[in-house]
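Trainee: Letter by letter, the chains look like this.
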Amino acid sequence: MPNTYVALNSFTVTTPVSSISFNSIPQTYTDLVLVAQGRTTTAGGNSDIIIGLNGDYSGIYSRLWTSTASGSNSHVTGYNFNFGGMLTSYMTGGGAAANQFSNDVTHIMNYANTTTFKPYICKNLPGNGGTFFTVGQYNSRNAISSMTITSLDSTNFATNTTFSLYGITAA
Amino acid sequence: MDTNIKLGSGSSISNPKIKVKDIPNPPTITSVVDNGVGGVVVNFTPSNIGGIADSYTVTSSPGSITSTSSSSPIWMTNLNYGTAYTFTVTANNSTGVSSASTASSSVTPTFIGSYDSIQTVAVGAGGVSVISFTSIPAGYTNLQIRAIGRTGRSAGGTVADDVYIRFNSDQTSVYTNQYIYSNGSNIYAIGEANISYLYAQLAGNALTQYAQGIMLMDIYDYSNTTKFKTMTAQCGASQNTATMQSMMSGGMWRSTSAINRIDIIPGTANFQQYSHFALYGIR
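Chains as they are written, first to last, in the numbering used here: chain A, 1 to 171; chain B, 172 to 454.
Misleading hints may appear alongside valid ones.
[Claimed, not checked] Which residues of chain B face chain A? A partial, calculated answer using Cβ under 10 Å:
| no. | residue |
| --- | --- |
| 1 | Asp205 |
| 2 | Ile366 |
| 3 | Leu387 |
| 4 | Ser417 |
[Unchecked claim] Pair ranges (Cβ atoms, derived):
| no. | chain 1 | residue 1 | chain 2 | residue 2 | range |
| --- | --- | --- | --- | --- | --- |
| 5 | B | Glu363 | A | Thr14 | 18 to 28 Å |
| 6 | A | Thr14 | B | Lys398 | 37 to 47 Å |
| 7 | A | Thr14 | B | Trp246 | 34 to 44 Å |
| 8 | A | Asn160 | B | Gln342 | 28 to 38 Å |
| 9 | A | Thr14 | B | Val345 | 45 to 55 Å |
[What the hints assert, rightly or not] Partial selection, computed: residues in chain A whose CB lies under 7 Å from chain B:
| no. | residue |
| --- | --- |
| 10 | Arg63 |
| 11 | Thr66 |
| 12 | Ala143 |
Derived by calculation from the structure, the hints in this document are not laboratory data. Being a predicted model, the structure only gives us computed values, none of them experimental. For every residue, glycine included, the Cβ atom is placed at its ideal position computed from N, Cα and C.
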């Protein structure tokens, strides 16, 4: 059986940039996995990460999130719907220690089919000690051919932030 | 400066504009990425001076293997695993071919071979009452199930439905499961011992049309015969209304038998058409 977990592309930020795009995503895989390790230049705490699929920022994204707060036993949950972009995770901001980067892994299932909407899962360690779990959906039947990643607060991705996109094929 | 071109009939054209098609300038390679299956992805940016390119060609060294595309990135295949390569790219149009770009940094294609597709079930019209992965081969370290789907549950307006997982057709009460789930307003934590299955979750049939639940399940050290078997799952159902649900589940099958069969059973009625379950082996 062939290996079916393939690196499609990867970016490492060398000078701060406001967005990262994966274009011309091949339609020959079953699932996509986006792995990020990064921080933004926001002056405060964390930045929400938002992804535009196929350049689509209309209000057809939804998600439910569950989080544990840093350094406490508290946990919180909430949701967004009719949202103009795919909210996945929190990324460490510029107020964190210099070497502190968040990580998150986002799975988008059956991204190339044109029959169903596109659900996704994201597991995220924002970098401040909390954890973050998201289940969401791109409520569109369009196949996903591109993704543009930005921060909701419009700050830049800092140097050494990395984004890697993988494709998985079901036999 | 004004220019007149006189034509043979005595008329003329004032200030003519002449378009000169030029050979493109070479692009700049920004990164090269090993894709883990013997290929390399070459990212580049076109030059913004010189002629406009119609296509770009990447050439490997050694081997002079080429691949051409109309834009970045270009996917290089047919490379040898373990050989260090550099790449150059040229820009092409009908006038000619640019000089080669500066060579990329060196990259050595690898073959990870660690993640294999074992079996996939796509549910057709009419649905199915159980998803069974049988004759699961030994030889991997962990298993992973990636699924989208919805069950027949339509009562109560609840968007999610439980799915039950059994190993080796074992229906005895030797499973232990703990999970937390959320509806976006409250979080609940539940632990259950001595039950006859493990829990995960997909969507019910009250979800909006075309929406799907999602499940990512890992089963660890499944062919070991000295340990009980553990699994974790992240799953849930989202839609473009305020009604959603998510679950994080962890469980144990208190058996030292190697897992050679997995059954996934919907909490209500059948798995619906377009549900899709894929089993992978991870080394």
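Trainee: Check the structure against each numbered hint from earlier and tell me which ones fail, lowest number first.
Mentor: 2, 5, 7, 8, 12
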